[in-house]
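A.B. asks: Each chain is listed here by its residues.
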Amino acid sequence: MEKKPYMKPTIVRHTPGGVLNKFGRPPQTVPMRRIEGFDVSELAGEYGSPLFVLSVRELKRKYRELDRTFRTRYPDFQLAYSYKTNYLKSVCSILHQEGAWAEVVSGFEYDIAADLGVPGGRIIFNGPYKTRGELKRAFENGSIVNIDNYDEMQVIEDLAEEFGRTLDVGLRINMDLNDPPWHKFGFNYESGQAFEAVRRATSGGKLNVVGLHMHTGTYVDDLTIYSRGAQGMIDFYRLIRDNFGVRLKYWDLGGGFASMNTLHWAYLPAEQTTPTVDQYADAICSVLLAADLGGEEPPKLFIEPGRAIVDDPFYLITSVAAQKRLPNGRRAVVLDTGMNMISSVQWYRYQFQSAQDSGTTVEDTTVYGALCMNIDVINHSLSLPPVRRGELLVIPRVGAYNLSQSWQFIYLRPAVIAIDDGRVHVIKRAETREYVQQFEQVPEDYSLPREPADGAAS
Amino acid sequence: MAVKFTNDVTLSKSGFLFDHASGQTYTLNPTGQFIFRLLEQGEESERVLPQIVAEFNVSESTARKDLDDFLRQLHELGITE
Amino acid sequence: MNDLHVAVTGLHAADNPAPGIGVIRSLKAAGDWNGTIIGLAYDVYDTGIYDPDLLDATYLVPYPNQGMDEVFARLMYVHEQARIDVLIPTLDSELGLYRKLASRLREAGIRMFIPDDEMMRARAKSNLVQFCEENGIPTPDTFVLRELGSLDDAIEKIGYPLWVKGVFYDAYLCRTRDDVLRSVEKLRVTWGLPVLLQRSISGEEFDVCALAKRGELVGALPIRKTRVTEKGKAWAAVSLRNPELAELSAKTLSALGWSGPCELEIMQEARTKKLYLLEINPRFPAWIYLGAGAEQNLPRVLLELALGNEVEPLPPAKSGVGFVRHATDLICPLAYLEALTVGGELHHPGTHRRQS
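Protein chains in written order, with this note's numbering: chain V, 1 to 458; chain Z, 459 to 539; chain H, 540 to 895.
Hint data in this document are derived by calculation from the structure and do not stem from the laboratory.
Everything numeric in this text was worked out from a predicted model, so none of it was measured.
Do not take every clue at face value.
[What the hints assert, rightly or not] In the DSSO-like style, the derived pairs of lysine-lysine whose C-alpha atoms are separated by at most 30 Å in a straight line are:
#1 H:K752 <-> H:K696
#2 V:K184 <-> H:K639
#3 H:K790 <-> H:K725
#4 V:K428 <-> Z:K471
#5 V:K89 <-> V:K4
#6 Z:K471 <-> V:K3
#7 Z:K523 <-> V:K3
#8 H:K639 <-> V:K60
#9 V:K249 <-> Z:K523
[To be verified] From the derived model, a few chain V residues whose C-beta atoms are all more than 10 Å from chain H:
#10 W265
#11 G294
#12 K324
Think of the CB as a built atom: it goes at the ideal place given N, C-alpha and C, for glycine as much as any other residue.
Starting from the given sequences, assemble the full structure and let the hints guide the process.
C.D. replies: Next comes the structure, spelled out in structure tokens:
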């Protein structure tokens, strides 16, 4: 006689709002067995768990969607990829192959782009702290530099003197668009700082203001912030053109587009609140193109997305290290990775699912990370089907900031692989202890005596 | 050893469990129901394992671990003593 | 209205009643009702499920924040089992989702009559101040708190007493900073940010339930709340004939180009007699059943609009009709709980078949 199919036996206590959600089959019970045709357990078997997986096809699709959407709306458009969101060399390189320029915010990032072979003229150098040496190199290479503050302006004026020519620069400006407003970067528009900064830059005779840059925020899902920002940019341009004869070659609206991850404090999921690429593009382009510039061709438009490109194409495969029951009856699960690898758990309510079919019975579960720190909680309330130690889970949409902000702590950081059209490439090997400690040395004075190799201590 | 139930409980055909003394309700999946029925009939917990393996398509080692989890959970939920 | 199948959400009528029950009772009170009511419930304890005269079938559906595809798949299941001709969502927190699903539902043969994204955005609590300013509609000073750091600025700007309001639901009247902090925290945890701080206007509270199509009023039911709960919900009210309220409602809905049902909350300041628009809720209010008695059965008219039929504006509501809300205890068979918990649906032994 054929035996019945087996599922791990479960009993779920009914708590208000706790059980009924299974109708309609919550996403957590739909197993994610494969990522683009690759069996999750085989990937983990071969490359280990935890493991970051990049879908190259999704990465390209994200880039192309953004690029095409803006390009079809705005005649002279260029996307510059925000390195800080994920500067794995392969990721940057793929995006450059697709046509992206580099948007870097430190000398470290600048070097990554330059070493990859990005021509200097296709690197935009932002960020609040740039050293004199880094600035010098950027100007020598013909990169675009957007000035953040007066101290920096002075350094660049010195460089102009050194070079014996005027230097083309952009100016970072900020506006009261958000609550609280983002005043950290550049010069404020409403208070007149930005106007003064242009006066100061143009009056010295060493700088030529050719660009304006504004970064309105991060994870911005309010479209009016972009349309108001774009309008402010136009108004400011008219003002400095009339007063100082500035002629812009570009305006740069920065990045900040939201992804499909949901923020902790949002009630509705991101799929219901995050605008589409079309909507972002319309909010920006319709305002810029309607600008009356008195017959002047509209300047080149840059945008600098990062999160909106790299968040979705990355997955984190992780496995269950343990299950426990908390004193209040709640189920808890411990993973083999922690918030040091997905620091965005501070902002995101990550939803994730099992890589196995574990049935449709779900239970509200607290998911702990592997760190020996009480704060390491990956999800306070996730409806998960029953899982066993060693079972795999897949956390989707982990590409933005997590890798570039990861920190090494008590465990080694995992490998990153890219899957592309049926092939697997290791784009970053898993760390080794030798790698982590390679720059350490223990002076002779502090060395412990080595015990004899035969283990004589008894 | 037979498992002792804390309170009078009724498990319906659908897997809906009602505790008459506490008023608490639960849902059991088919495997859970199968085990629960055996326990209800006074089956000794040691004798449940072979019956799971006979009934379902599962290895003994997996079933043993899962049964152990399940019995512990019944205890932690206060359903069994 | 031959054998129309209408699905309604918002079946929980406890201390803060959802409008679904009133909508269903309104439909059933129409003289020509001969349809089937399908309840879409979120919890096995949604109270309406246990009213023996209300529903023909109940299906549990995933919460809106569980994801669009999940909700859609469940609705398609219900549609297959029970057929849905018209769906009436009645909860604020659902509307964004249903708006996004509208075209897919229409393709499947399920019709709705709800406002579009543009209208929803303009009347959102966090945008209402701007909308009112642009259209010359008076509204109390409001501060949209997006970040806790600006709390003291907000308090200073608004002054005590003030209302602290969630983006979707709930409001607390506060008189001290501690009150405000507690309320903001409570709302932030439940509904997220932003939270609104609004000047409290002392005076008479009015509500208008209205139904409009492309900015034109089809019907309106103005009331004065004669008794309110601690949370300001009406438990008794009386219908009115009041040209000023009608004018403010018409002006507001015309400026919004509104299509769909709504509830306008309006305060008349005691000192100045001036009317202030407090809120526009993009759905029927919980007390909508009063319309069945005041010759303003708006859910019945909404069915026609959802089906795409032409509708003449209704004559003004009959004034002087009152309602009181009366809480009662219903017997709750364990079998109902079991059917819903285990199977997610319940075919009520009662109403429809008994009537036919």
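A.B. asks: For the pair we were handed, K752 of chain H and K696 of chain H, check the Cα-Cα distance against 30 Å.
C.D. replies: Violated: K752 of chain H and K696 of chain H sit about 37 Å apart, past 30 Å.
A.B. asks: For the pair supplied as a hint, K184 of chain V and K639 of chain H, confirm whether the alpha-carbon distance does not exceed 30 Å.
C.D. replies: violated (36 Å)
A.B. asks: Does K3 of chain V lie within 30 Å of K471 of chain Z when you go C-alpha to C-alpha?
C.D. replies: holds (20 Å)
A.B. asks: CA of K523 of chain Z to CA of K3 of chain V, is that 30 Å or under?
C.D. replies: With a Cα-Cα distance of about 19 Å, the restraint between K523 of chain Z and K3 of chain V holds, given a limit of 30 Å.
A.B. asks: Quick one: work out the minimum CB distance from K324 of chain V to chain H and report holds if it exceeds 10 Å, violated otherwise.
C.D. replies: K324 of chain V is indeed farther than 10 Å from all Cβ atoms of chain H, at 26 Å.
A.B. asks: CA of K249 of chain V to CA of K523 of chain Z, is that 30 Å or under?
C.D. replies: violated (68 Å)
A.B. asks: In terms of Cβ atoms, is chain H entirely out of 10 Å range of G294 of chain V?
C.D. replies: holds (29 Å)
A.B. asks: Would the pair K639 of chain H and K60 of chain V pass a check requiring their Cα atoms to be no farther apart than 30 Å?
C.D. replies: holds (27 Å)
A.B. asks: For the pair supplied as a hint, K790 of chain H and K725 of chain H, is the alpha-carbon distance within the 30 Å limit?
C.D. replies: Since the Cα atoms of K790 of chain H and K725 of chain H sit roughly 35 Å apart, the hinted pair is violated (cutoff 30 Å).
A.B. asks: For K89 of chain V and K4 of chain V, compute the direct alpha-carbon distance and say whether it is at most 30 Å.
C.D. replies: Violated, at roughly 50 Å.
A.B. asks: Far enough from chain H: is every CB of that chain over 10 Å from the CB of W265 of chain V?
C.D. replies: Answer for W265 of chain V: violated, closest chain H Cβ roughly 4 Å.
A.B. asks: Could you grab the alpha-carbon distance between K428 of chain V and K471 of chain Z and see if it respects the 30 Å cut-off?
C.D. replies: Given pair K428 of chain V, K471 of chain Z is violated - Cα atoms ~53 Å apart, limit 30 Å.
Checked against the numbered hints listed earlier, the structure breaks hints 1, 2, 3, 4, 5, 9 and 10; every other hint is satisfied.
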